[in-house]
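Heads up: the sequence lines are chains A and B, in that order.
Note that our numbering has the first sequence beginning at 1, numbered continuously upward.
Note that our numbering has the second sequence beginning at 1, numbered continuously upward.
Simulated from the structure, these hints should not be mistaken for laboratory data.
Keep in mind that a hint or two might mislead.
No copy labels: a pair is met if it fits in one copy or bridges any two.
As the list claims (entries may be wrong) - Calculated lysine to any residue pairs in the SDA-like style (CA-CA distance at most 25 Å, straight line):
#1 Lys-71 - Gly-211
#2 Lys-275 - Gly-303
#3 Lys-194 - His-135
#4 Lys-275 - Gly-94
#5 Lys-275 - Asp-322
#6 Lys-151 - Asp-191
#7 Lys-71 - Arg-216
#8 Lys-79 - Gly-183
#9 Lys-48 - Pro-72
#10 Lys-275 - Leu-251
#11 Lys-117 - Asp-217
#12 Lys-275 - Asp-11
#13 Lys-194 - Lys-278
#14 Lys-71 - Lys-194
#15 Lys-269 - Thr-330
#16 Lys-278 - Arg-2
#17 Lys-71 - Glu-214
In this text, all values refer to a predicted model and were calculated from it rather than measured experimentally.
There are 2 protein chains.
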Amino acid sequence: MRIALDAMGGDHAPGPIVTGAVEAVRDEPEMTVVLVGERARVEAELAKHPDAPRDRLPIVHASEVIGMEDKPVEALRKKRDNSISKCWGLMAGGDVKAVVSAGNTGAMVASALFNAKMFLPGVRRPGIAAIFPSHQGPIVIIDVGANMNAKAEDLYQYGVMGAIYAETILGVTNPRIGLLNVGTEEEKGTDLTKATRALYQNSPLASQFVGNVEGRDIYEGHARVIVCEGFVGNVLLKAGEGAVEFLFATLKQEVARLLPELPAEVGQKVGGSLKGLKTRFEYQEFGGGPLLGIRGACIICHGSSGSRAIKNALRVAGAMSDDTLTALITERLAAGPKS
Amino acid sequence: MRIALDAMGGDHAPGPIVTGAVEAVRDEPEMTVVLVGERARVEAELAKHPDAPRDRLPIVHASEVIGMEDKPVEALRKKRDNSISKCWGLMAGGDVKAVVSAGNTGAMVASALFNAKMFLPGVRRPGIAAIFPSHQGPIVIIDVGANMNAKAEDLYQYGVMGAIYAETILGVTNPRIGLLNVGTEEEKGTDLTKATRALYQNSPLASQFVGNVEGRDIYEGHARVIVCEGFVGNVLLKAGEGAVEFLFATLKQEVARLLPELPAEVGQKVGGSLKGLKTRFEYQEFGGGPLLGIRGACIICHGSSGSRAIKNALRVAGAMSDDTLTALITERLAAGPKS
Numbered sequence: 001m002r003i004a005l006d007a008m009g010g011d012h013a014p015g016p017i018v019t020g021a022v023e024a025v026r027d028e029p030e031m032t033v034v035l036v037g038e039r040a041r042v043e044a045e046l047a048k049h050p051d052a053p054r055d056r057l058p059i060v061h062a063s064e065v066i067g068m069e070d071k072p073v074e075a076l077r078k079k080r081d082n083s084i085s086k087c088w089g090l091m092a093g094g095d096v097k098a099v100v101s102a103g104n105t106g107a108m109v110a111s112a113l114f115n116a117k118m119f120l121p122g123v124r125r126p127g128i129a130a131i132f133p134s135h136q137g138p139i140v141i142i143d144v145g146a147n148m149n150a151k152a153e154d155l156y157q158y159g160v161m162g163a164i165y166a167e168t169i170l171g172v173t174n175p176r177i178g179l180l181n182v183g184t185e186e187e188k189g190t191d192l193t194k195a196t197r198a199l200y201q202n203s204p205l206a207s208q209f210v211g212n213v214e215g216r217d218i219y220e221g222h223a224r225v226i227v228c229e230g231f232v233g234n235v236l237l238k239a240g241e242g243a244v245e246f247l248f249a250t251l252k253q254e255v256a257r258l259l260p261e262l263p264a265e266v267g268q269k270v271g272g273s274l275k276g277l278k279t280r281f282e283y284q285e286f287g288g289g290p291l292l293g294i295r296g297a298c299i300i301c302h303g304s305s306g307s308r309a310i311k312n313a314l315r316v317a318g319a320m321s322d323d324t325l326t327a328l329i330t331e332r333l334a335a336g337p338k339s
Numbered sequence: 001m002r003i004a005l006d007a008m009g010g011d012h013a014p015g016p017i018v019t020g021a022v023e024a025v026r027d028e029p030e031m032t033v034v035l036v037g038e039r040a041r042v043e044a045e046l047a048k049h050p051d052a053p054r055d056r057l058p059i060v061h062a063s064e065v066i067g068m069e070d071k072p073v074e075a076l077r078k079k080r081d082n083s084i085s086k087c088w089g090l091m092a093g094g095d096v097k098a099v100v101s102a103g104n105t106g107a108m109v110a111s112a113l114f115n116a117k118m119f120l121p122g123v124r125r126p127g128i129a130a131i132f133p134s135h136q137g138p139i140v141i142i143d144v145g146a147n148m149n150a151k152a153e154d155l156y157q158y159g160v161m162g163a164i165y166a167e168t169i170l171g172v173t174n175p176r177i178g179l180l181n182v183g184t185e186e187e188k189g190t191d192l193t194k195a196t197r198a199l200y201q202n203s204p205l206a207s208q209f210v211g212n213v214e215g216r217d218i219y220e221g222h223a224r225v226i227v228c229e230g231f232v233g234n235v236l237l238k239a240g241e242g243a244v245e246f247l248f249a250t251l252k253q254e255v256a257r258l259l260p261e262l263p264a265e266v267g268q269k270v271g272g273s274l275k276g277l278k279t280r281f282e283y284q285e286f287g288g289g290p291l292l293g294i295r296g297a298c299i300i301c302h303g304s305s306g307s308r309a310i311k312n313a314l315r316v317a318g319a320m321s322d323d324t325l326t327a328l329i330t331e332r333l334a335a336g337p338k339s
């Protein structure tokens, strides 16, 4: 499998991005990662890994970088030779089957959305899925920000695509699908949630659809796929990150207060355990959120991604790129309510 | 000050509710709490506190109870003699200046909203505020579920009312007001966020308005008041509760795993410290969320409220009931952009 990686995307790029690519190709003998970015800087990073299998780490030069703070649409127009557009260009041209970036999310999504030829047949609007932890294991929340103007038909399609992701990547059989709402009763919510509910109840997904899911039930994992409109999903995703950061900052203070009273080796254990927990909540296992509904695979990583997140994103992108997932999406959308 | 308390509202009512009332009137010599509910059951609970100042704990009988799972509007219509409607009746009749309930939130809000005479002059729709923790101290998020169809003018009014709550109850001078959004850039978001932003920038609140706030920035506390529409706010509030529960459940497992390796007295300290932290995150200090924009004070408590949350809610309701807050709301809404 051949994946394009935006070597310049991310808060600390290209260092940890290139390292993640090196580790990924070492782990996966069938994987080639095309490093897209400023050739000299990427070369310099690769030089730090003298044992890297360079034949599976080709570089495609891109002279420009879209910054994390750049306005996506404007930046895509002005910086023609940017690494994100080049990644998508490689995919559109059939040279790669997946793209991965920890760069400007808006630019990643806009690049895909502006080119309707990149949409899978029958897809109204691609959606970004995020992987959350739950008591039952990882769950999928979709959409977390690709679509600011979702209709019920979009939320239906997100359920189809999210369930296929849960099946093929997370290994969940017949995942239950829930609709994020302000209460569990049928009549709760907005016009959008009511229309969405009706659509699911009269669709091939009716048996998987469990109805409304409240915010506090997300982590129970009863529904392994939760659909919502992009605005709500984005707030939810980022607020979750903020809450985890805040909580661990407070915990750290608390541990620091307790530490002088602990024997040194116990203190170390507590510290290590805390770090391990935080990593678990940051949910780097899947490396980032897949953009679903496009021809090919795409993983959008967090700007702060380290080499481990990048490596995992490449692994998941590889697993997504074998056409099973996209074929299933096309097939099941064709079977569902027409949009 | 005289406050009506829904003695039957809450997952464990009337036990902890009555206990909270007893503790509140003990602490506040000027406070009278009218206990509204099934007289016999409330009497039985009061009998457990033989030293309670009974002259400041009168009972108003209500023969019916709206359950936590009842459909609000239907229940209000069918159960005419319910404790929630009776609380509001006491307020409408001028007998009390505040109402507090840990019962069915939908019924509490519907009771208020169905009676436009209960709205303060100039208020379009009352909003529920929630108090979140942040690095800078408590912050106000409004609306968390009273209004499922908010317009920009509503979000403006929520900012006015939330800021007055932050000033008068939280003691924050000139609180900064932020608009919950999916990015910090001006052009981000939906039609609603764009219209809201424009309204603030041309209002008396322009100097306090700090623009967009992303989900992950909530806990930074840069904005002490964050406005959003009720659907998003409700999901945010409940997901935050779910995340804290999930995190502490996981932490508890981790601590249990470490405990055998800790000296007993250290283990106790770690356990106690964890419990203290959880309480801090549950933010019972303010007892619940105020419904702002009505004539009088109203605090809606969490269904799981214990006596401590009820006691705190009564204290805050008392502080809100001296007319300062409602007079300020009327005055500042009159000065702002007309709706």
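Comparing the hints with the structure gives:
For the homomeric pair Lys-71 and Gly-211, the shortest alpha-carbon distance between copies (16 Å) is at most 25 Å, but the shortest distance inside one copy (37 Å) is not. Proximity of Lys-275 to Gly-303 under the C-alpha cut-off of 25 Å is restricted to the intra-copy arrangement: shortest distance 20 Å within a copy versus 34 Å between copies. Taking the shortest Cα distances, Lys-194 and His-135 never come within 25 Å of each other, neither inside one copy (28 Å) nor across copies (38 Å). Proximity of Lys-275 to Gly-94 under the C-alpha cut-off of 25 Å is found in neither arrangement, the shortest distances being 41 Å within a copy and 55 Å between copies.
Taking the shortest Cα distances, Lys-275 and Asp-322 never come within 25 Å of each other, neither inside one copy (35 Å) nor across copies (48 Å). With identical chains, the CA atoms of Lys-151 and Asp-191 are at most 25 Å apart both within one copy (10 Å) and between copies (15 Å). In the homo-oligomer, the alpha carbons of Lys-71 and Arg-216 lie at most 25 Å apart only across protomers (19 Å), although the nearest pairing inside one protomer, at 34 Å, exceeds that limit. Taking the closest pair of Cα atoms, Lys-79 and Gly-183 come within 25 Å of each other only across two copies (21 Å); inside a single copy the shortest separation is 45 Å, beyond that limit.
In this assembly of identical chains, the alpha carbons of Lys-48 and Pro-72 never lie at most 25 Å apart, being 32 Å within a copy and 65 Å across copies at closest. Taking the closest pair of Cα atoms, Lys-275 and Leu-251 come within 25 Å of each other both inside a single copy (11 Å) and across two copies (12 Å). In this assembly of identical chains, the alpha carbons of Lys-117 and Asp-217 never lie at most 25 Å apart, being 37 Å within a copy and 36 Å across copies at closest. Taking identical chains as interchangeable, the C-alpha atoms of Lys-275 and Asp-11 lie at most 25 Å apart only when both belong to the same chain, with a minimum of 21 Å there against 36 Å between chains.
Within a single copy, Lys-194 and Lys-278 get their C-alpha atoms no closer than 37 Å, and across copies no closer than 35 Å, so neither meets the 25 Å cut-off. Taking the closest pair of Cα atoms, Lys-71 and Lys-194 come within 25 Å of each other only across two copies (16 Å); inside a single copy the shortest separation is 34 Å, beyond that limit. For the homomeric pair Lys-269 and Thr-330, neither the shortest alpha-carbon distance inside one copy (49 Å) nor that between copies (56 Å) is at most 25 Å. When the C-alpha separation of Lys-278 and Arg-2 is checked against a cutoff of 25 Å, the pair qualifies neither within a copy, at 32 Å, nor between copies, at 47 Å.
Only between protomers do Lys-71 and Glu-214 lie at most 25 Å apart by alpha-carbon distance; the minimum there is 16 Å, versus 33 Å within a single protomer.
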